[in-house]
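K.L.:
Sequence:
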Amino acid sequence: MQRSSLPTHGPVSFSSICFLSLQILSKMHSSGDIAGLFRRICKASPEKSEALAAIDVLTRVLHDSHVSTVQGLHDVLNTAILEMTEADHTYLCVKSACELFQRFITLTISDAPDDFNRCKQVLQERADMFLSKVGACKRQIAENFLNLLPDGGCILVHSYSRVVLSALEAYAASKGNAAATSNLSSSRLHCYVTTCAPHESGRKMTKELARLKIPCTLIPDLSLGYLMPRVNLVLMGAHAVVESGGVLNDLGSSTVAMIAAAFGKPVYVLAESFKFIRAFPLDQHHIPAELKYSSGVSPACSPLRNLKMTDALEEDEVEDTEEDFPELHTSWARVNEYRVQTIERTMPITDYTNPYYISYLVTDLGVLTPSVVSDELIKLYL
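1 is the number of the first residue of the sequence shown in this note's numbering; add one for each residue after it.
Everything labelled a hint here was simulated from the structure, so no lab data went into it. One should not assume that every hint holds.
Derived pair list, reagent style SDA-like, types lysine to any residue, alpha-carbon separation capped at 20 Å [what the hints assert, rightly or not]:
(1) K265 x D221
(2) K120 x K48
(3) K120 x H66
(4) K265 x T369
(5) K265 x I219
(6) K207 x S45
(7) K48 x K207
(8) K379 x R162
(9) K175 x N232
(10) K43 x R162
(11) K175 x N147
(12) K265 x G152
(13) K204 x S223
From just these sequences and the hints, can you work out the full model?
P.N.:
So, in structure tokens, the structure goes:
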């Protein structure tokens with residue numbers, strides 16, 4: 001058995017014991033096990049939100065921790081949250097859900113019994129309660145959403161969203177049962193789904209809708225202006241809802257909402273209340289970097305970045321250009337080098353949709369206007 005690193009000669013100081021305890025705690029919770037568990041849960045249950053997976057991990061950490069102080073529990077949870085948020089910055093809802101989780105379980109900590117074991121038991125019970133409450137959000141949103149869709153209408157769905165898929169599944173099931181009993185087919189809904197390039201998450205949404213036997217069509221992103229007059233409303237999810245009532249969602253959401261507003265079409269955003277975050281971006285450039293970019297490699301901002309001027313010319317034209325205008329290549333190289341340095345080198349994964357273009361936010365708290373979000377944030381965090 002390997003001996004500890006404490007010195008064997010002389011009395012052991014209290015500071016040495018504290019240092020060794022911190023080392024052991026660091027090794028227990030910084031070895032990547034938390035991030036690995038988080039990824040495994042997300043992979044094993046792709047239908048589960050990343051926020052739910054994070055709360056599941058925190059609940060397990062709370063149950064399995066062997067610390068003997070409330071501050072120790074806070075440190076363990078904070079370490080786990082840090083590892084999960086650093087695992088992938090694309091999960092915007094993880095940070096807000098974890099903050100609400102900590103807020104909820106420690107809400108009555110001042111009234112907890114003096115016995116730490118009993119106090120820990122109370123925290124574990126509240127953690128389980130919060131996990132159950134958050135797990136029911138999608139069902140509540142689906143119920144709040146049922147009366148907002150017209151029978152037999154056409155809707156435009158942007159990108160892939162679990163909560164949107166769940167709401168459409170519930171709507172199709174309810175209208176399908178009604179049509180079966182009355183022998184009507186007018187309640188059938190048709191969904192136009194944007195491709196959402198460059199990640200093309202719309203393809204995944206289309207496959208899931210087809211699996212649920214909901215009529216759908218995958219459309220190019222550039223066809224929005226052509227198809228918008230045909231649809232009754234626009235539907236999208238959200239990675240995060242900010243204090244202004246705007247949302248951060250997959251790239252292109254802002255464009256979709258602006259085009260919908262130009263045609264007078266309502267925009268409904270479906271989002272769980274644990275996605276409400278304390279951030280206030282004024283425009284696209286004020287989105288925090290950790291919420292804007294993926295931790296992985298994103299596609300190039302412009303496909304023209306590596307395109308040479310001669311790529312668009314015929315072979316004989318290239319030869320003529322090289323002979324007649326040799327200085328043109330040097331000038332173009334300088335311009336291209338400057339352009340690469342000044343533009344964003346990576347494509348952001350999200351954009352900010354101004355609350356002006358959003359008609360309603362359908363949440364588990366009810367159907368809200370964007371102006372109410374700040375009030376709900378105060379209730380959640382204070």
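K.L.:
Are the hints correct? Go through all of them and say.
P.N.:
Against the structure, the hints come out as follows:
no. : hint        : result
1   : K265 x D221 : 17 Å, holds
2   : K120 x K48  : 27 Å, violated
3   : K120 x H66  : 10 Å, holds
4   : K265 x T369 : 16 Å, holds
5   : K265 x I219 : 18 Å, holds
6   : K207 x S45  : 17 Å, holds
7   : K48 x K207  : 17 Å, holds
8   : K379 x R162 : 26 Å, violated
9   : K175 x N232 : 17 Å, holds
10  : K43 x R162  : 15 Å, holds
11  : K175 x N147 : 11 Å, holds
12  : K265 x G152 : 16 Å, holds
13  : K204 x S223 : 19 Å, holds
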